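Participant: Take a look at the letters that make up each chain.
2 protein chains.
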Amino acid sequence: MFKKILYPTDFSDVSKKALDYVKQLKEAGTKEVILLHIIDKREVESIARYGEVSMSLEKGLEEKMEESVKQEIGAIEAELRESGFDVKVRIEKGIPFREILRVEEEEEASVVVIGSHGKSCVEEMFLGSVSERVVRKSKRPVLVIRR
Amino acid sequence: MFKKILYPTDFSDVSKKALDYVKQLKEAGTKEVILLHIIDKREVESIARYGEVSMSLEKGLEEKMEESVKQEIGAIEAELRESGFDVKVRIEKGIPFREILRVEEEEEASVVVIGSHGKSCVEEMFLGSVSERVVRKSKRPVLVIRR
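Residue numbers (our numbering), protein chains in the order written: chain A, 884 to 1030; chain B, 884 to 1030.
Isolated chain A (complex conformation) (with noise of 0.2 angstroms):
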C-alpha cells in the first residue's frame, strides 16, 4: 500500500517536511522512493523574458539552473539512502501538476506524498494549489502535507 512513494519536491520549506512523513512511512512498508523535481519551463522563459536575455544566455541560465537542483536533489538522495530506501531521481521539464500526474503513472507508484503549498504562490492563489490539482486529477492515493 505504501512500497512505493513518489515525493516531488521544490525544495520549499513544506516539501522538507513533507520528507520527513515519506520517512516515517518505511515502518508501513516503503521500500522505494521515486524522488523528483520538476524544472518549471515557464519559470526559465519568464526569468529569461524579464532580463531581456539572448537564447544563448536562456541556455546557460537553464543550465546553471539544472546544476543548482541536482545537487539539491543528490542531498535528498543521500539522505534517504541513508535512511535504507531504495531511491531514483527524477528531473522533468514542465508544469508541475501534469509531470507529477505522468510520472505517477510510469512508475506506478503507490501513494504521492506532497507538501500542500509550493512557490510559486501567485499562480496558486489563482489556480490551486499544485497539489490540489493533483488530488483532484491522481488514479493514486496522495497524502498532502501543510505547512
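Hints were generated in silico from the structure; no laboratory data involved.
This structure is a prediction, so every number in the text was calculated from the model and none was measured.
Certain hints may be false.
Identical chains share a label here; the pair holds if one copy fits it or two copies do between them.
Claimed, not checked - In silico DSBU-like cross-links for lysine-lysine, where the CA-CA straight-line distance does not exceed 35 angstroms:
#, residue 1, residue 2
1, Lys-899, Lys-924
2, Lys-942, Lys-886
3, Lys-947, Lys-971
4, Lys-886, Lys-909
5, Lys-900, Lys-942
6, Lys-942, Lys-914
7, Lys-909, Lys-899
With the hints as your guide, set chain B onto chain A.
Facilitator: This is chain B only, laid out in the frame that chain A set:
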C-alpha cells in the same frame, strides 16, 4: 506523525478502501482512530420534503437513519479494535466537509485519511468532492484514497 488518525466515513466503497490504509498505518505508529460519520442535515431535510412528511415523521426518519448509522459504524469500530487500535466513535450532524474540519481540530488529529469521492455525486460534480474541500482548508495532513 501518524499517531491519531481521523477517519471520516460515509460507508461508500472508497471509504472502505481508505480503512485498509488506516490499518496499514498502524506500523507507522498509529495508536488511536477517530471514527467519524456525518449525517448530512440537508439530506434528511430533502428526503423529508420529497416525501412531504410531517415534522413528526421527519423526526422518525432521522431516528431510523441514526439507528442504521450506529449499526454500520459499530461494525467498523469492532474491526479497528480487533486490529489493536484505540477507537473513538463520533456521529455528527451538519455539512460533511465542515464537520470534518471541525472535528479534526477538536481532536488534534495527526492526519486525516479519507476517500476521494463520497456518495453525493451530483453535488460533488459542481462543488468539488468533500475530500478536495478538506484538502483545501485543512490545517493538518490529509491522505486521499482513490476509488
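Participant: Against this structure, judge whether each hint is valid.
Facilitator: Hint check:
{"no.": "1", "hint": "Lys-899 - Lys-924", "verdict": "within (23 angstroms within a copy, 40 angstroms between copies)"}
{"no.": "2", "hint": "Lys-942 - Lys-886", "verdict": "neither (38 angstroms within a copy, 48 angstroms between copies)"}
{"no.": "3", "hint": "Lys-947 - Lys-971", "verdict": "within (22 angstroms within a copy, 53 angstroms between copies)"}
{"no.": "4", "hint": "Lys-886 - Lys-909", "verdict": "both (8 angstroms within a copy, 15 angstroms between copies)"}
{"no.": "5", "hint": "Lys-900 - Lys-942", "verdict": "within (32 angstroms within a copy, 47 angstroms between copies)"}
{"no.": "6", "hint": "Lys-942 - Lys-914", "verdict": "neither (37 angstroms within a copy, 52 angstroms between copies)"}
{"no.": "7", "hint": "Lys-909 - Lys-899", "verdict": "both (16 angstroms within a copy, 23 angstroms between copies)"}
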